[in-house]
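Visitor: Sequence:
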Amino acid sequence: MTHLFFLERQLGEVPKEEALLLVDSLYDKEPDENKEDEMILSRGQINRIVRLIGMRLMGLDETKKPNQMETFLMGRMREIGTLSITQPAVLHSVLAVVLADFAEQEAETVQVLANTDSDRPAEHFGVEVAFGQNRKVVSRGAYFIRYQDTPFVLHIYELDFFGTTLDILYHIKDVEKAEQIHDRLTEKMVRGNFYKGQKLYLRLSRRGPELTFMSPAVLNSSEIVLPEDLYRAIHKNTLGWLQNADSLRKAGLPTRRGVLVYGPPGTGKTMLFKSLFREAEGVTGIVASTETFNEPEEISRVFATARGLAPSLLCFEDLDLIAGERRSAPRHENVFLAALLSELDGVRANEEIIVMASTNSPEVIDRALADRPGRFDVVLEIKPPAEPERKRLFGVFLNRLDGVLPREISEKDIEDLARQTAGYTGAHIAEAVTRAYSDCIVDQRGVLTEAELVAAVASMKKPGKGVGF
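Note that the sequence shown covers residues 1449 to 1917 in the working numbering.
To be clear, the hints were calculated from the coordinates, so they are not data collected in a lab. Do not rely on the hints blindly, as some may be mistaken.
[Stated by the list, open to error] Computed list of lysine to aspartate or glutamate pairs in DMTMM-like fashion (alpha-carbon distance at most 20 Å, straight line):
hint, residue 1, residue 2
1, Lys-1644, Glu-1799
2, Lys-1584, Glu-1554
3, Lys-1684, Glu-1799
4, Lys-1860, Asp-1850
5, Lys-1831, Glu-1676
6, Lys-1644, Glu-1727
Model the full assembly from the supplied sequences, consistent with the hints where possible.
Guide: And the structure:
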């Protein structure tokens, strides 16, 4: 398998027809895996060359004179058909893996041709297909394959930030086999979508939405401690809606839902998302970090991702960063808010999408969001934990570090600590336990006792009294 590098400094002065002849001559050679031929052309020329190579390998007439190339290309293009598969940009990785699998497993011969999405060769990249598992596949480029002893060109490329496309180029007489390839790849996209049903982080970059898998260790965490009635209300309005989607749909009721949770930092709002994910078998869980949003258009791409992976639980961290009240928000934030309102209103009643959001500052959330059913239907407060929850949290964090050091801490000790930490959040309690263990190790004390925990709590300023704990 050989790659063609297109270097403009070598062929910038070469007429297109001669460049085409050079490309053809290179493909007359036996592939040399230890040598990479170097050339470059403009993007438009590359597009034409790939199609011309495809047509040449398909055995079409090549008797036209070089100076008639433009007319010749237009005539040959009429003999070539194209079937396309277009997906949201965030699924480019899935499409690239599906194409690689098809080429490796179902095609008879395969050769990778030039990259047509930039002035570079066929471009490979690593794709995370599961947590800690990666594959290297062609991201942008074209495959020449033989399928059922018939030649085809499969060309994958991205359409800016908005989508990704796979073109199937074929001779018009082979349209039925091309349709078979199209149907097969479409089927593999559905069955081979390794994001669907998984638990994911979504960040926005210059290349568009990027998905990464959550660690199973994060998903197995049991550190969320909430009052039972509050957790039940959250569960009912999220997973309860998705688990009963068919019954709701048959009754003519909406399957979409919006839930906003608010409370001070450290009360476990993000952990709540992950706790729900742990129970959401078959549901795609997505945590979108609003701090990575740069353009309002990105909000529509996030919702397009949730639609493409439905049923889905789409969670926005720190909603106030993009949904501040219009009277006080800067103009650019108003644009984000308008985009978010549009997307929330655009979620159809029968779409299996639950939108959750969290904020530390509910007072700055625009009323058009917080006070409008159909956008956020349920608004729930997560307060700092009461004494029973603080006791449970001390138990959770102590058990998390079980085995680090022997400990001599009784049930009564934990009850006393819970009483001493009124107003503390789960994050504060986690820090107190971590500090107590760390101090024991640094001071070379071999056993963790209540005294170390009391000292750790005392060394932290009471929440609300300033930074420095």
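Visitor: Now tell me if each hint is right for this structure.
Guide: Structure-based check of each hint:
A distance of roughly 15 Å separates the Cα atoms of Lys-1644 and Glu-1799; the hinted pair therefore holds under the 20 Å criterion. Simply put, Lys-1584 and Glu-1554 have alpha-carbon atoms about 18 Å apart, close enough for the 20 Å limit, and the pair holds. Note on Lys-1684 and Glu-1799: the hinted pairing holds, with a Cα-Cα distance of about 17 Å set against a maximum of 20 Å. Of the pairs offered as hints, the one joining Lys-1860 and Asp-1850 holds, with about 18 Å between alpha carbons and a cut-off of 20 Å not exceeded.
The suggested pairing of Lys-1831 with Glu-1676 holds, with an alpha-carbon distance near 13 Å, which does not exceed 20 Å. A threshold of 20 Å between alpha carbons decides the hint, and for Lys-1644 with Glu-1727 the separation of about 15 Å falls inside it, so the pair holds.
In summary, the structure agrees with every hint in the numbered list given earlier.
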